[in-house]
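Colleague: What follows is each chain in one-letter form.
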Amino acid sequence: MAFIKILLEINQKLYKLINLNKRMELSPEQQKALEAQKEQCPFCKIIKGDIPSQKVYEDDLITAVLDINPANKGHLLVMPKEHYPIMPLIPPKTFEHLAIKTKQLSKSVKEGALVFGTNIFIANGAAAGQQSQHFMLHIIPREENDGISAFDYEKIDVDKAKEDEAFKILGHNLPKMLRDVCKRFPMEGIQQPKVGYSKEELLKIIEMNPQLKEAIIKSPEQFKQMIPSNPQLKQLFENIDVNEIIETVSGKKMTNAIDAEFNAPEVTETPEGNGKFDAIQQVLQGGAQEGITGEETTNKDEEPETIIDTIEHNPKLKTLLINDPETLKQKIQDVPQLQELFGDQDIDALRNEILEREQNRSEESSDDDEDQNDENQEKSSDDEDYDAEEDSSNQNKTTKIPEENGTRSDDIADIL
Amino acid sequence: MTDCKICAIINKKVPAKILYEDGAVMAILSDEPTIFGHLLIFPKQHHQTLEEIDDKVTSQLFYVASYAATAIFEGLGAEGTNIVICNGKDSSQKYPHLVVDVLPRKTNDGINFQWDPKKLTPEEMEEMKTKIKDKADVITLGKEDTKPTQAPSEGKEETMNYDEDNYLVRHLRRIP
Chain A
1 MAFIKILLEI NQKLYKLINL NKRMELSPEQ QKALEAQKEQ CPFCKIIKGD IPSQKVYEDD
61 LITAVLDINP ANKGHLLVMP KEHYPIMPLI PPKTFEHLAI KTKQLSKSVK EGALVFGTNI
121 FIANGAAAGQ QSQHFMLHII PREENDGISA FDYEKIDVDK AKEDEAFKIL GHNLPKMLRD
181 VCKRFPMEGI QQPKVGYSKE ELLKIIEMNP QLKEAIIKSP EQFKQMIPSN PQLKQLFENI
241 DVNEIIETVS GKKMTNAIDA EFNAPEVTET PEGNGKFDAI QQVLQGGAQE GITGEETTNK
301 DEEPETIIDT IEHNPKLKTL LINDPETLKQ KIQDVPQLQE LFGDQDIDAL RNEILEREQN
361 RSEESSDDDE DQNDENQEKS SDDEDYDAEE DSSNQNKTTK IPEENGTRSD DIADIL
Chain B
1 MTDCKICAII NKKVPAKILY EDGAVMAILS DEPTIFGHLL IFPKQHHQTL EEIDDKVTSQ
61 LFYVASYAAT AIFEGLGAEG TNIVICNGKD SSQKYPHLVV DVLPRKTNDG INFQWDPKKL
121 TPEEMEEMKT KIKDKADVIT LGKEDTKPTQ APSEGKEETM NYDEDNYLVR HLRRIP
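Residue numbers (our numbering), protein chains in the order written: chain A, 1 to 416; chain B, 1 to 176.
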């Protein structure tokens with residue numbers, strides 16, 4: 001039972017980490033700035049009734065008033081009562097309510113202003129024409145020849161390569177962001193948007209949790225039996241071949257054991273497999289950045305550079321490369337993650353490069369390493385790609401989780 | 001609808017750059033973009049106006065539009081986004097199928113959603129307000145209203161006391 005409890009705790013932490021649908025959270029400073037903004041906001045005053053307005057609808061979450069500078073007769077503004085400067089800050093309940101009431105108010109506008117069409121318009125950000133700091137939605141009644149031409153789009157020609165790139169980025173990010181939202185309308189048959197975790201993600205999760213990993217390696221059969229009876233485990237392993245995971249994880253254990261032979265002192269310092277985990281993380285981040293900048297030609301030239309950096313950041317990998325390139329070559333063939341990392345790289349050339357660097361390096365190399373790591377984390381947190389954000393938060397957490405759970409490893413060993 | 005282009009996309013009869021799809025809505029990259037990164041989000045059921053779509057699908061449509069706007073911010077480096085629904089006749093609607101347009105925006109990108117404000121007299125404003133409010137009072141009392149106690153008619157029903165003058169009630173009482 002204790003074993004299950006630990007798993008549940010681990011999974012809850014991870015769920016918080018990996019749940020991409022968590023919308024924006026404000027830092028205390030931002031919260032303060034928001035409060036100040038709220039006091040100045042004329043729309044908050046309209047909602048409170050301090051400034052007179054033509055209120056059309058009001059409930060406990062939203063208010064709709066007539067725009068004093070209407071695009072057309074009957075132009076409505078629909079606002080949440082609470083002050084939210086941007087759309088992602090609106091809580092789901094309010095947002096849903098806003099959507100449904102917008103629909104109803106649009107109908108009211110059509111019937112009240114005796115028109116057949118409306119434009120519903122939202123501007124996010126000053127560049128898009130957002131003029132107030134209070135989020136609002138416009139409902140503009142439309143008539144024939146009313147002189148409004150803003151919504152007559154003109155087609156432009158977009159660079160094909162640029163469009164393909166946008167398709168790649170959005171096609172990857174959007175289903176991930178909507179992972180929870182899509183559950184409201186599950187789809188049968190046709191290719192399901194990714195729900196739950198992919199094999200790679202799951203391997204990462206296992207890699208981050210030495211206890212979980214140990215349990216899988218030590219008693220795979222018992223673990224397999226547990227999955228259907230435990231809802232959280234079930235969710236974790238949804239749509240995934242458990243046997244495959246167990247095989248991969250067990251395979252990794254073998255390579256880790258070889259690692260331990262080469263640099264025993266390091267293993268005592270960092271939890272098992274952490275170095276390699278970072279390496280995978282960095283490669284994934286590299287990949288994500290590649291996707292976002294789209295400068296593939298330059299990236300290809302830089303590829304050896306990034307791999308060397310990755311090796312530099314992983315002392316374990318570096319020692320292995322310098323001391324025993326043959327074993328590493330073997331391992332690359334065995335472990336898919338390493339294969340992905342090195343690709344078709346010439347190991348000997350890499351080794352020479354690393355050795356050269358090592359010679360050039362001053363005595364304070366260890367300090368430099370730490371700085372580089374910090375820089376790397378900063379870079380990743382600024383990254384705009386969704387995955388990279390996830391990875392960086394995972395990266396920060398990797399150092400914490402094993403510490404928190406480290407004391408319990410004895411418990412597990414007893415149970416098993 | 002057989003001749004609807006959007007329906008053809010939904011049924012995969014016309015190729016499109018599909019970004020997201022669930023049981024109720026679909027998001028694609030527009031093939032007739034007005035700006036780079038122009039997205040279209042639409043319900044899978046064929047409806048021309050928002051008013052015909054049921055509540056759950058409406059909120060799903062807004063959810064997907066909202067997340068798509070965020071995805072554009074982060075993925076395409078937009079400085080702002082517009083979400084536009086052309087809803088019904090005379091509204092510059094392109095297809096006979098309701099579509100939500102999500103547009104990434106940058107300063108001086110050539111798109112202008114600013115309108116020239118029309119001048120209305122206070123009387124005209126008051127008149128408009130009354131007209132729309134009268135409709136809204138009725139229409140917004142849909143079944144999804146979270147506060148049924150606010151609805152005056154329901155309130156009356158609950159507290160109905162058998163008024164002597166109420167003919168119907170008296171009539172009911174007479175039935176053994």
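Derived from the structure by calculation, the hints contain no laboratory data. Treat the numbers as computed from the prediction; the structure is a model and nothing was measured. Treat each hint with caution, since some may be false.
As the list claims (entries may be wrong) - Label-pair distances were calculated between CB atoms; the ranges are:
{"id": "1", "chain 1": "A", "residue 1": "R357", "chain 2": "B", "residue 2": "K94", "range": "56 to 64 Å"}
{"id": "2", "chain 1": "A", "residue 1": "Q37", "chain 2": "B", "residue 2": "K94", "range": "32 to 40 Å"}
{"id": "3", "chain 1": "B", "residue 1": "K56", "chain 2": "A", "residue 2": "R357", "range": "54 to 62 Å"}
{"id": "4", "chain 1": "B", "residue 1": "E124", "chain 2": "A", "residue 2": "E29", "range": "19 to 27 Å"}
{"id": "5", "chain 1": "B", "residue 1": "H46", "chain 2": "A", "residue 2": "F116", "range": "55 to 63 Å"}
{"id": "6", "chain 1": "B", "residue 1": "P15", "chain 2": "A", "residue 2": "N230", "range": "38 to 46 Å"}
Unchecked claim - Calculated pairs, PhoX-like style, for lysine-lysine (alpha carbon to alpha carbon, straight line, at most 20 Å):
{"id": "7", "chain 1": "B", "residue 1": "K118", "chain 2": "A", "residue 2": "K155"}
{"id": "8", "chain 1": "A", "residue 1": "K55", "chain 2": "A", "residue 2": "K73"}
{"id": "9", "chain 1": "B", "residue 1": "K118", "chain 2": "A", "residue 2": "K73"}
{"id": "10", "chain 1": "A", "residue 1": "K81", "chain 2": "A", "residue 2": "K48"}
{"id": "11", "chain 1": "A", "residue 1": "K48", "chain 2": "B", "residue 2": "K118"}
{"id": "12", "chain 1": "B", "residue 1": "K12", "chain 2": "A", "residue 2": "K55"}
{"id": "13", "chain 1": "B", "residue 1": "K129", "chain 2": "A", "residue 2": "K55"}
{"id": "14", "chain 1": "B", "residue 1": "K106", "chain 2": "A", "residue 2": "K73"}
Claimed, not checked - Just a few of them, taken from the derived set where beta-carbon distance is under 7 Å, the chain B residues facing chain A:
{"id": "15", "residue": "A8"}
{"id": "16", "residue": "T58"}
{"id": "17", "residue": "Q60"}
{"id": "18", "residue": "G75"}
{"id": "19", "residue": "E79"}
{"id": "20", "residue": "K118"}
{"id": "21", "residue": "P122"}
{"id": "22", "residue": "E123"}
{"id": "23", "residue": "M125"}
{"id": "24", "residue": "I139"}
{"id": "25", "residue": "T140"}
Backbone N, C-alpha and C fix where the C-beta goes; we use that ideal spot for every residue, glycine too.
Colleague: All the hints need checking, so say for each whether the structure fits it.
Modeller: Here's how the hints hold up against the structure:
1. Hint check: R357 (chain A) to K94 (chain B), Cβ distance near 58 Å, so the stated range 56 to 64 Å holds.
2. At roughly 37 Å, the beta carbons of Q37 (chain A) and K94 (chain B) sit within the given window of 32 to 40 Å.
3. One distance hint, 54 to 62 Å for the beta-carbon pair K56 (chain B) and R357 (chain A), holds here, with the actual separation near 59 Å.
4. The hinted range of 19 to 27 Å is not satisfied by E124 (chain B) and E29 (chain A), whose Cβ atoms lie roughly 45 Å apart.
5. For H46 (chain B) and F116 (chain A), the hinted distance range of 55 to 63 Å is not satisfied, since their beta carbons lie about 18 Å from each other.
6. Judged by the Cβ atoms, the range 38 to 46 Å given for P15 (chain B) and N230 (chain A) holds: they are separated by roughly 43 Å.
7. Distance hint between K118 (chain B) and K155 (chain A) is unfulfilled; the C-alpha atoms sit about 28 Å from each other, more than 20 Å.
8. Simply put, K55 (chain A) and K73 (chain A) have alpha-carbon atoms about 15 Å apart, close enough for the 20 Å limit, and the pair holds.
9. Of the supplied pair hints, the one linking K118 (chain B) and K73 (chain A) holds, its CA atoms being roughly 8 Å apart against a limit of 20 Å.
10. With a C-alpha separation of about 9 Å, the suggested pair K81 (chain A) and K48 (chain A) falls inside the 20 Å cut-off, and the hint holds.
11. Taking the CA atoms of K48 (chain A) and K118 (chain B), the gap is about 26 Å. The hint is violated against a cut of 20 Å.
12. Between K12 (chain B) and K55 (chain A), the direct Cα distance comes to roughly 45 Å. Violation of the 20 Å bound is thereby established for this hinted pair.
13. A threshold of 20 Å between alpha carbons decides the hint, and for K129 (chain B) with K55 (chain A) the separation of about 7 Å falls inside it, so the pair holds.
14. For the given pair, K106 (chain B) sits about 29 Å from K73 (chain A) by alpha-carbon distance, which is inconsistent with the 20 Å threshold.
15. For A8 (chain B), the interface hint is violated, the least distance from its beta-carbon to any beta-carbon of chain A being 16 Å, above 7 Å.
16. For T58 (chain B), the suggested interface contact is upheld, since its CB lies about 5 Å from the closest CB of chain A, less than 7 Å.
17. For Q60 (chain B), the interface hint holds, since its Cβ comes within 7 Å of a Cβ in chain A; the closest pair sits about 6 Å apart.
18. Against a cut-off of 7 Å between C-beta atoms, the interface hint on G75 (chain B) holds, since the closest Cβ of chain A lies about 4 Å away.
19. Annotation: interface hint on E79 (chain B) holds; nearest CB of chain A at approximately 4 Å, less than 7 Å.
20. Checking K118 (chain B) against chain A: minimum C-beta separation of about 6 Å stays under 7 Å; hint holds.
21. Checking P122 (chain B) against chain A by beta carbon gives a least distance of about 9 Å; that is not within 7 Å, so the hint is violated.
22. A hinted interface residue such as E123 (chain B) counts as satisfied when its beta carbon comes closer than 7 Å to some beta carbon of chain A; here the least separation is about 12 Å, so the hint is violated.
23. Using the Cβ-Cβ criterion of 7 Å, the hint placing M125 (chain B) at the interface with chain A is satisfied: the shortest such distance is roughly 6 Å.
24. The interface hint given for I139 (chain B) holds, since its Cβ lies 5 Å from the closest Cβ of chain A, which is under the 7 Å cut-off.
25. Residue-level restraint check for T140 (chain B) holds (minimum Cβ-Cβ distance to chain A is 5 Å; threshold 7 Å).
In this structure, the earlier hints numbered 4, 5, 7, 11, 12, 14, 15, 21 and 22 are contradicted, and the remaining ones agree with it.
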